[in-house]
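Line order of the protein sequences matches chains A and B.
Okay, so the first sequence: first residue is 1 according to full-length UniProt numbering, each after it adds one.
Okay, so the second sequence: first residue is 1 according to full-length UniProt numbering, each after it adds one.
The set of hints was computed from the structure by calculation and includes no laboratory data.
Check the hints yourself; a few may be wrong.
Pulled from the structure, derived: some chain B residues nowhere near chain A, Cβ distances all over 12 angstroms [as the list claims (entries may be wrong)]:
#, residue
1, A11
2, G29
3, A52
4, R68
5, D92
6, A93
7, A184
With the Cβ distance kept under 8 angstroms, some of the chain A side facing chain B (calculated, not the full set) [stated by the list, open to error]:
#, residue
8, T169
9, E171
10, P172
11, W173
12, E195
13, Y207
14, T210
15, P213
16, D218
According to the in silico footprint, chain A covers these stretches of chain B (three or more CB under 8 angstroms from chain A) [said to hold, decoys possible]:
#, stretch
17, 188-200
18, 212-224
Even for Gly, the Cβ is constructed at its ideal location relative to N, Cα and C.
This is what each chain is made of:
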Amino acid sequence: MTSTRLIHTVGTGALEWLHAHRDGFRLEQDVDPEVGFLERFKPVGELALICKVLFREGVAGSRQAQLARQLLDHAWRDTLDGGRMLVRGQRIEPLSPIPFEVYLPFKELGYSHPEAEEAFRLNQRLESFHAFELPPTRRLGLSAFQRRFGLPARPPESEVIGRTWLGRTPEPWTVEGHIAYDITHAVFHLTDWGENPDGIPAPLADYLATWLPVWLDDWLDLERWDLLGELLVVDACLPRPTLDERAWEGFAAAQAPDGAMPAVRTMPEGTPEELFDLVYHPTLVAAFASVLATSRALTQLAHAPA
Amino acid sequence: MEQSGTSTRLADAVQGLTSELVSALRSGGPFGLAGSVPGAGGPEAADKLTLAAVRVVGADAVLPNVLRHTPPEPDDLAVFSGAVHAYPPPADASPTSTWSHWAMNRTLLRLRGTPDAARPGTPGHNGSSGHSFGHSSGHDTEPRAAWLDGASWQSLTHQLAVLAPLAVPGGDCAVTRVARGRPADVARGFVRAVRRRDWLQAAGAGRWLALLDGVPDTLGLENGLAFVAQMGSADPRVLLQVEAARLMRTGAPV
Chain A
1 MTSTRLIHTV
11 GTGALEWLHA
21 HRDGFRLEQD
31 VDPEVGFLER
41 FKPVGELALI
51 CKVLFREGVA
61 GSRQAQLARQ
71 LLDHAWRDTL
81 DGGRMLVRGQ
91 RIEPLSPIPF
101 EVYLPFKELG
111 YSHPEAEEAF
121 RLNQRLESFH
131 AFELPPTRRL
141 GLSAFQRRFG
151 LPARPPESEV
161 IGRTWLGRTP
171 EPWTVEGHIA
181 YDITHAVFHL
191 TDWGENPDGI
201 PAPLADYLAT
211 WLPVWLDDWL
221 DLERWDLLGE
231 LLVVDACLPR
241 PTLDERAWEG
251 FAAAQAPDGA
261 MPAVRTMPEG
271 TPEELFDLVY
281 HPTLVAAFAS
291 VLATSRALTQ
301 LAHAPA
Chain B
1 MEQSGTSTRL
11 ADAVQGLTSE
21 LVSALRSGGP
31 FGLAGSVPGA
41 GGPEAADKLT
51 LAAVRVVGAD
61 AVLPNVLRHT
71 PPEPDDLAVF
81 SGAVHAYPPP
91 ADASPTSTWS
101 HWAMNRTLLR
111 LRGTPDAARP
121 GTPGHNGSSG
131 HSFGHSSGHD
141 TEPRAAWLDG
151 ASWQSLTHQL
161 AVLAPLAVPG
171 GDCAVTRVAR
181 GRPADVARGF
191 VRAVRRRDWL
201 QAAGAGRWLA
211 LLDGVPDTLG
221 LENGLAFVAQ
231 MGSADPRVLL
241 QVEAARLMRT
251 GAPV
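Let the sequences and hints guide you as you build the complete structure.
This is the structure in structure tokens:
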């Protein structure tokens, strides 16, 4: 059985790195319009989602909780300028769902910006918002966020899931990198980022329990740590997580001494900003996978015969 | 250099024999083992190269006869028997080598109609058609499958793929019993092999899956076999396994 300590340590290291490099969560005020102002919002939203998981699961030590709180405060106060950057982003691209998606986890954590919310509500009354063409997995995520925000999910998640790759349970031997990310994100959305494992319909949970071991094996050997981390999250979201020992040991061994997780193979080189952009995501994923898997390991411990 | 030349000639002979087997399985037409090994010495075809090629192909060298329950010609039986006896496994042979030889011997006994070979195997498995393989006589004691105990699904699939000639209808033995107990693991191994583009292993695993109950429906085995055949079409060994799997699935000539 995988050592809970090993799983936990991956997360503490990752959070230390994220905290030490929090200035990397930055927006570009004078960005080229071709790139778009919203391009750099995604990391901020992901940070908030994962810090929320950390608070929710209650397996963080006091230092981790403190780091996570400071990270969130930094992201909200400095990066998003107390929410004003969300409003600005929405004005630049009125139909984009990104400011709404970034805002939601902050709102759930107690941050608030009424003007931004007003813009989101107006936005979502538009038929165009619902007609906006998105890949099914992304649309599934948006419906989940609408529900969490207290808006009607349009369309309901139950309607969208069948259109996603995972929802159709296709041949497992066809999975490649892009499909694998669609699978992991479908699971994130169905479970509210691990909060509600029962959100995965039973046939899909069976499908994942059957084939996930193969995908873990594959991306471990390919040293694709970012994707492996997301697949480890999926494992922790299943009714009976395997906490795959070989995958966790390989994942932990790939982590740099300072807590950063390379996306593939080994740590890249570059300026601090380039480095941040290359590894912030796998490092966030490492924190996410660690918190969920630690929580599940403790649950298993609690249910184990004395 | 001579060693290398011999290896190449053997590889060519194996490839040629395997291609003949694929054609025979596809067409349903007659198949004669004697004379199916290209580069062999003469009409008798029982020369060293032939025997070596047949030993490499193993029990599958007479697969058309096995799947169709048709007796081989005396010449073919002589060649097959010659290969069985020319290459007994050494005392320190690997389990797969030992089992591969055992599979040939069992097949030989069955094709000869030896009473020992007709003894029913473990009851309850599928595919029993009156030609069940049983444990053969004392001189051919079934090897043990202990080396597969606790094998990971990756390792299990690899070993089973090497021993694909054991995957025949009614071919009960210790290895098939292990496979029957782990259909999801073999299916995982199939997926792994396809992902790694190891078409030969995928085809061997696919052949086992064609024989097993309890394979997850979501595997999509039929299309998976077609995909493996398409991607691995340059290798007749891949096509042989896929054809065997297809015939066992459709059951037509079995």
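B:R68 remote from chain A - nearest C-beta pair above 12 angstroms: 30 angstroms, holds
A:P213 as an interface hint toward chain B, with CB separation required under 8 angstroms: With a closest approach of 6 angstroms, the A:P213 hint holds.
Verdict on chain A covering the stretch 212-224 of chain B, criterion of 3 CB contacts below 8 angstroms: holds (count 6)
Given hint A:T169 near chain B, where the shortest CB pair must fall under 8 angstroms: For A:T169, the interface hint holds, since the closest Cβ of chain B sits about 5 angstroms away, which is under 8 angstroms.
Hinted contact A:Y207 with chain B - closest CB pair below 8 angstroms: 6 angstroms, holds
Interface restraint verdict for A:P172 against chain B (beta-carbon cut-off 8 angstroms): 5 angstroms, holds
Interface-negative label, B:A93 against chain A, beta-carbon threshold 12 angstroms: Holds, because the least Cβ-Cβ distance between B:A93 and chain A comes to about 29 angstroms, which exceeds 12 angstroms.
Given as non-interface: B:A184, which should sit over 12 angstroms from chain A by C-beta: It is violated; B:A184 is separated from chain A by about 6 angstroms at its closest Cβ, not greater than 12 angstroms.
Evaluation of the interface hint that places A:D218 against chain B, nearest CB under 8 angstroms: 5 angstroms, holds
Proposed interface contact between A:E195 and chain B, which counts if any beta carbon pair is under 8 angstroms: Given a least distance of 27 angstroms, the restraint on A:E195 is violated.
Satisfaction of the A:T210 interface hint, Cβ to chain B closer than 8 angstroms: Since the shortest Cβ distance to chain B is 5 angstroms, the answer is holds.
Coverage of the stretch 188-200 of chain B by chain A (three or more Cβ within 8 angstroms): holds (count 7)
Comparing the model with each numbered hint stated earlier shows that hints 7, 12 do not hold.
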